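Novice: As a plain string of letters, each chain reads:
Number of protein chains: 2
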Amino acid sequence: MKTKPKLICPICGAEYNGPVQRCECGEPVEFEPFKGEPYLGKTVWERFYDFWPVEPELELSLGEGDTPLVRSKLGKELGVKLYLKNETVNPTWSFKDRGTFLAMSYALKADYKAVGTVSTGNMAASVSAYASRFGLNAKILVSEKTGDEKLRAVSVYGADVIRVKGDYGRLYFDSLKLGERLGVYFINSDNPFRVEGYKGIAFEIAEEVTPDYVLIPTSSGGLFRGIAKGFLELRESGLIEELPVLVAVQAEGCSPICRAFKEGKGRLERFENPKTIAQAIANPYPPSGNAVLRLLREFGWPCVSVGDEEIIGAQRELAGEGLFVEPASATGMAALEKLGESGVIPEGSKVVSILTGSGLKALSHVEGGKIVECPIDELENCLR
Amino acid sequence: MKTKPKLICPICGAEYNGPVQRCECGEPVEFEPFKGEPYLGKTVWERFYDFWPVEPELELSLGEGDTPLVRSKLGKELGVKLYLKNETVNPTWSFKDRGTFLAMSYALKADYKAVGTVSTGNMAASVSAYASRFGLNAKILVSEKTGDEKLRAVSVYGADVIRVKGDYGRLYFDSLKLGERLGVYFINSDNPFRVEGYKGIAFEIAEEVTPDYVLIPTSSGGLFRGIAKGFLELRESGLIEELPVLVAVQAEGCSPICRAFKEGKGRLERFENPKTIAQAIANPYPPSGNAVLRLLREFGWPCVSVGDEEIIGAQRELAGEGLFVEPASATGMAALEKLGESGVIPEGSKVVSILTGSGLKALSHVEGGKIVECPIDELENCLR
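Quick note, the sequences are listed as chains A and B, same order. Each residue of the first sequence is one higher than the one before, starting from 1 at the first, in this note's numbering. Each residue of the second sequence is one higher than the one before, starting from 1 at the first, in this note's numbering.
Hints are computed from structural coordinates only; laboratory data are not their basis. Note that this is a predicted model, so its numbers are computed, not measured. Be aware that one or more of the hints could be misleading.
The list makes no distinction among identical chains, and a pair is therefore deemed to hold if it is satisfied within one copy or across any two copies.
[Stated by the list, open to error] Calculated pairs, DSS-like style, for lysine-lysine (alpha carbon to alpha carbon, straight line, at most 27 Å):
#1 Lys109 with Lys76
#2 Lys150 with Lys370
#3 Lys350 with Lys338
#4 Lys113 with Lys73
#5 Lys113 with Lys6
So that you can see chain A by itself, here it is in the shape it has in the complex (with noise of 0.2 Å):
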């Protein structure tokens, strides 16, 4: 059995306890660093044991995690060595099961009966899934704006989904209030138990490669803080000498935490009016910005935006190697050419990017190519 780890303010240093899930100065908390080794194991969670908050309930495991990491050729023009680690053959297609799968964990050692989640994507079906999974019931909070077609992949999981009329800004600090006073145990983005799962991913990675840089797609922050978590954790355990470059990638038409970066500011603003087709990706004020930005600082990694059309371009050369992802996830590829082109990632690198969720996710953004119509006598001269 796990001891009980401490939870940290990144930001403030305070200690806590209990199980909260943001520090009273505002800011997340975090598991205290773990040490450990590493063990033989089909799963990440075997093989990791010693760095988990909680013990994985691994009867209850859809099997997340353990994801390929694809050789790309698409690097050999700017020069670099490009690994994608396809986060698209999760469970719920998304990186987001790994978290949502040590939370449940959590919830239902701490017997809880409701779980929650503000989110109208990937995080949505991956919270519905698993609480359906663990015999939990789930209230998915989703905006006003979010249509029925988008919800169907969520609520098919039995969920309970409810449409908040109202600002939807204010619903991840409202749910977490509520679902203290309610019993409803809420996960949403930048959860401490989901910022755990995530460092699943750097394990993974160094099990298989030595990364010079890491390309992150960034909204909330909870994903960075995770990879960044574990490649510390595996350092301070000396099983990886040095760190690689996280590269905090987002979108321009949504980009407060790359703005606050360069505008050299130690708190994040609101950015108004987003617009970007990189909808997963989109969150305007991500409440682990603060938290990533002092990540930022303090080892001196990048934050890069990129705009629409240096994503739909990645996207395009992404489904080239095979893998059809959604906009947010080829965020990583258009911000590897800024970078290449611009010699900031040297040649001879090895990079790798983090591709986070399915383009069938997106469908109805996708340009559909060319069809031609060919009648069936003509079969032979259109193969041609």
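Start from chain A and add chain B according to the hints.
Specialist: For chain B alone, kept in the frame of chain A given last:
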């Protein structure tokens, strides 16, 4: 390097050394049985290296195969131990990728410049993706009824999509002939390499459990033949003692194999006016139908058909386990209920059901759940 294995017709016994796809008698040929031993390795391609008819192009792999075997509580009521083989987490989100990868490895070595397939669904996406990955042109022949929306997930990979006007049923055979003439390697539903690729499902299952029954959604028959060949080769190699009972599962609205089986016919007939929600297995004249019939008869295996109502119910139950599958994938679970209740599958049995493809592929068929509207100031009440 692999030596060149022979191809054999499972119906008339004729043997071929060249790369034919169909026997002169009209039936599909298959590779002679392989024997071997398993090795240590990360991928199914490495661990079962002895069993493939062609050297897999591992550098070009997208990480197909090695899918999770998920424990399910859905067998509880029937007193069976149920495992779900989740093929929805393959690179294009269906089992087709296993066969496509192996066939593509052959096409590359045989120096083809173009490949093709006849499909509107999972196989079309899979062949498009891998052709692009392997640097080959792809010709995807779809029926004139296929909508643009559905083809987006295919054309995104850069394939030439050709909408053929005329008798779609003829295309399977026409394409093989034309392909031979034009140097386009057609990887249709029961291409011999494709069938070999599906053996991996049997191999991976056998690594984890010793099943008494395996439930297999059956359309063209390629998947069924592949899994059967896999278990047979494991037995011949002394790696398992007994074969599981393989259950061919079809949708009632398009069940040519089950019908011929029940009527005691040696050859199947075209199923007129097929109509089922399980689109992915709605082939009215399966090219491997007679070969499947022969396997069922030889080993005394059952063929079970299930209705659309049962399929939809099973799809909902699987979603309740956190696994959202396309209707075709739910047929196995629907068949289990039928076979369990009627006592054909006895209590205490270990059963594996194959989940062939992602629910995101047929999202428009899914009945959405209830969505509650809630003003933000009443959120507390809505959450109770």
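Novice: Hints broken by the structure, by number, lowest first?
Specialist: none
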